[in-house]
Amino acid sequence: MKHLLSTHDLDVPTVAAIMNVADHMSEINARSVPKVPALLGRTVASVFFEDSTRTRVSFETAAKRLSADTMSFSASTSSVNKGESIRDTIETLSAIGVDAFVVRHASSGVPVSVTEWTDASVVNAGDGWHQHPTQALLDAYTITRELGTGNTLAGVRVAIVGDIMHSRVARSNIDLFARLGARVTLVAPGMLLPAGLAGPGITVTDALDDVLPDVEVLYMLRVQRERMDAGLLPVGGEYSARFGLDERRARMLSGDAIVMHPGPMNRGIEMVMDPAELPGSRILAQVRNGVSVRMAVLFRLLGDGQLGA
Amino acid sequence: MPAGSSFVRIRLTRPPMTAAEVLTRDQVDRAIARIAHEIAEKHPETSSLVVIGMQSGGVWIAERLAGHLARIAEAPLTGSIDVSMYRDDISMRPVTPVAPSRIPVDLAGRTVVLVDDVLYTGRTVRAALAALNDHGRPGAVRLAVMVDRGHRELPIRPDFVGKNIPTHLDDEVSVGPEGVIVARPGADV
Amino acid sequence: MTDNWEHDSGEATAERAGHAVTKKNGATTGGRSIVIKGGTVVNRGGAARADVLVVDGLVSAVGEDLTGDEILDAAGCHVSSGFVDLHAHLREPGREEAETITTGTRAAALGGYTAVVAMPNTEPAQDCPEVVAFVKARAAEAGWCDVHPAGCITVGRLGKVLAAFETLASVGVRIFTDDGNGVQDPLIMRRALEYSRHLGITLAQHCEVARLTEGAVMHEGQCCSAMGVPGWPAIAEELMLHRDIELVRLTGAPMHFLHLSTAGSVDLVRRAKADGLPVTAEVAPHHLALTDELLRGFDPVFKVNPPLRTAADIAALRAGLLDGTIDAVATDHAPHAHHTKQMPLDSAPPGMLGLETALGVVLTAVSPDPVRVVETMSWNPARIAGIGAEHGRPVARGEPANLAVWDSSRVWTVDRASLASKSRNTPFHGMELRGRNVHTLLRGRVTVRDGIAQESGDARSIGSGGGR
Chain V
1 MKHLLSTHDL
11 DVPTVAAIMN
21 VADHMSEINA
31 RSVPKVPALL
41 GRTVASVFFE
51 DSTRTRVSFE
61 TAAKRLSADT
71 MSFSASTSSV
81 NKGESIRDTI
91 ETLSAIGVDA
101 FVVRHASSGV
111 PVSVTEWTDA
121 SVVNAGDGWH
131 QHPTQALLDA
141 YTITRELGTG
151 NTLAGVRVAI
161 VGDIMHSRVA
171 RSNIDLFARL
181 GARVTLVAPG
191 MLLPAGLAGP
201 GITVTDALDD
211 VLPDVEVLYM
221 LRVQRERMDA
231 GLLPVGGEYS
241 ARFGLDERRA
251 RMLSGDAIVM
261 HPGPMNRGIE
271 MVMDPAELPG
281 SRILAQVRNG
291 VSVRMAVLFR
301 LLGDGQLGA
Chain G
310 MPAGSSFVRI
320 RLTRPPMTAA
330 EVLTRDQVDR
340 AIARIAHEIA
350 EKHPETSSLV
360 VIGMQSGGVW
370 IAERLAGHLA
380 RIAEAPLTGS
390 IDVSMYRDDI
400 SMRPVTPVAP
410 SRIPVDLAGR
420 TVVLVDDVLY
430 TGRTVRAALA
440 ALNDHGRPGA
450 VRLAVMVDRG
460 HRELPIRPDF
470 VGKNIPTHLD
480 DEVSVGPEGV
490 IVARPGADV
Chain R
499 MTDNWEHDSG
509 EATAERAGHA
519 VTKKNGATTG
529 GRSIVIKGGT
539 VVNRGGAARA
549 DVLVVDGLVS
559 AVGEDLTGDE
569 ILDAAGCHVS
579 SGFVDLHAHL
589 REPGREEAET
599 ITTGTRAAAL
609 GGYTAVVAMP
619 NTEPAQDCPE
629 VVAFVKARAA
639 EAGWCDVHPA
649 GCITVGRLGK
659 VLAAFETLAS
669 VGVRIFTDDG
679 NGVQDPLIMR
689 RALEYSRHLG
699 ITLAQHCEVA
709 RLTEGAVMHE
719 GQCCSAMGVP
729 GWPAIAEELM
739 LHRDIELVRL
749 TGAPMHFLHL
759 STAGSVDLVR
769 RAKADGLPVT
779 AEVAPHHLAL
789 TDELLRGFDP
799 VFKVNPPLRT
809 AADIAALRAG
819 LLDGTIDAVA
829 TDHAPHAHHT
839 KQMPLDSAPP
849 GMLGLETALG
859 VVLTAVSPDP
869 VRVVETMSWN
879 PARIAGIGAE
889 HGRPVARGEP
899 ANLAVWDSSR
909 VWTVDRASLA
919 SKSRNTPFHG
929 MELRGRNVHT
939 LLRGRVTVRD
949 GIAQESGDAR
959 SIGSGGGR
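Chains as they are written, first to last, in the numbering used here: chain V, 1 to 309; chain G, 310 to 498; chain R, 499 to 966.
Any given hint could be a false lead.
A few chain V residues that don't get close to chain R, going by computed Cβ distances all over 10 Å [what the hints assert, rightly or not]:
| id | residue |
| --- | --- |
| 1 | S107 |
| 2 | D214 |
| 3 | R225 |
| 4 | D246 |
Residues from chain V that face chain R, not an exhaustive set, calculated with beta carbons under 7 Å [to be verified]:
| id | residue |
| --- | --- |
| 5 | W117 |
| 6 | G196 |
| 7 | A198 |
Bear in mind the hints are in silico, worked out from the structure with no lab data behind them.
By construction, the Cβ of each residue, glycine as well, lies at the ideal position given by its N, Cα and C atoms.
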């Protein structure tokens, strides 16, 4: 697999291999000079058609710490949404010389098309509502390292709460966590739950309070305010009251439970309390691990030329 | 296959090989002990040494050396180093990092004894020197190897050697606590 | 389905006479005869081996051992009335980069079609006599097959104001549709049905409740949930279908339902027909063969409106086609310029080519008997389109020679680069089909011979006097 487009491409041995390499990267990142020459002379181009400073910076940092050269292209989706322009951009950059593209776009499926327009490796940094595989990897990595479960999530009880319908993070995490053996509970209001997601290891509910005492990992998704404006959700504070993480709910968690969020947060909506006051919060660890995991992915793709174990 | 041995190279399809034991278990033990004495002789302040084993073949030897030094003088600091990120052939062949490096101290000004099982082209040692530098600029680096099998491609030479064993390019050398074996392609004559 | 308008001889005869004048071009005068030899002729009574002799634009004999000046080899083939497509987007005027009337009708002729109903979502729309006349003239000039422009139900297809049905009916328009969109407003639809009831025209509805399909990319189901794109639920089609069936019941006016795509829709139409309501329905070949799983690769060539659905829907549509619930196969031929089908899935325009592959897909996916093939691809659509005086006729002495000769066992692989359409968006590229049209005759003139379109200068009538 010379691309990372979707968590569906990741089998258990590949995930283990990536996590093992990520441990190396974590060690490197802890040094005073966090840099190794592993990808010297390689070029990683981040092509972001949808705004995201944090993910782009995370990938660029990962590339630079491996001594790769970086190129950065960002365009707002509205001006560059015609197929020809995405293709033009990719082909032009490829001609300059790119070893790996990191692509984010508001439309699901764009990274798949990108693989047809270049010989470089392609990493999906988020496409529409579809997939965000490096986020799922860093989330799984964070959980395994925090809970000390090795390279597996067997039996780990995870609750994913929020707008599952519109969340590529949710789709990726549900797929990857379930494959790694986790017991996943999806908590969302009915209209934010896509059909057909329940399955082996996956249950669905809209009663958050019932789930909290038992859960080892509470994963909160952001809910965009625009959903409420579009008439998709009831008005007022009803969403926060039913699904938001406030102090009362934080107290219902067990002492060892960890709380995660992919960022950025919508304070007051899904995060009613300040996560800094949550001892179980691992949100900053996610960010740190994001760099390590992305370094591992880039190293495997550009070093080995393939992601698989 | 003797347990604990490390192979220099893994081939998927193997021609018939003839194996010869060139060092027995006892000879390996004595070589390590001798190297420890040589180190102590050259560097009497053994407690300030940092003995670092290269992943993965040099780690057990480094531990043994450290054990000997602790008995004949004072225990040095120990660690291990994985040089996967520093290899010069990363895109040429699969590189699987083994375990994250464990460097116990800032190496600035320190004398490092770098330990590996087999010295061959010298490229792995070159990578290790680059890797060590990222943990501080050592005052000096000494190289200790169990086997020097020749065929250097870079100007690298060991300071302490268990045994010099001339080999052919397609020989395979495996080093373990039970002994050293050289396997050569070709049926048993 | 009332067919009293078929004998509304005043307009039909005049039109037919007008056609004959315009089309009297060099190829069939002078008494040159063509014999279609060795084929199996399909008529309502069944299929039987017979030769067919064509002279001066008419079938002059059907029998054994006929001879003529020119021979079309039909060994191993069926001979039937030419196919009639109720639903094709020829794109001209307005989107000629995707298709023109010339390239589209050439593709139709290759597919065995002698007549095509052209959808009105052109630019400008076919909602006035000028545009209707333009389309007809371009088609006559190209000479590949007859084109019958459909009119719009509402002005500009905006769903707000009824179009001038009678004005368009007076220039020969028989089918009215806002295809591309459904008529959302139930009051508008009711008024349209009440008004059209006495005009001898048929309204055709694209069933889609727009509020339930905003931004939709593909069928709402398991595949869509995994892929993270907005879905097009089956109920958006079924709700409008149900509404309009009840409006038909209320008003008594006939209605034709375009491109059914769900099992629920088939059931609704079956019950409506059982109740004796004047409704007809069509299905597109791609809905008989392809499922939503094809979209997993995010390739927009599989994006279509209504979308590809599930195996259960396909099974129900096939059964409906075989048991008479669905009257006709209609291609919904929708060419799109290549670069538009390379856009991200959610922005790419929906639509697939269909004219050249329809026969092959129907035979491969459904395998109806030959009579049912001709019923659904020629006789019924000709009747529904109101052109049953010229097309969908029996293969018999004195009938207009609008004929297709097709081989139901010929295996071929679809190659998008070799199709006659200006566009390439066929979902069947690389797929093997069993069944292909071989020869086509339009009023006795061979438009396609051995699968090759016969470019002919005669098609552009010189001094025809008619035209524009």
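Status of the hints after comparison with the structure:
no. : hint : result
1   : S107 : violated (3 Å)
2   : D214 : holds (26 Å)
3   : R225 : holds (19 Å)
4   : D246 : holds (29 Å)
5   : W117 : violated (9 Å)
6   : G196 : holds (4 Å)
7   : A198 : violated (11 Å)
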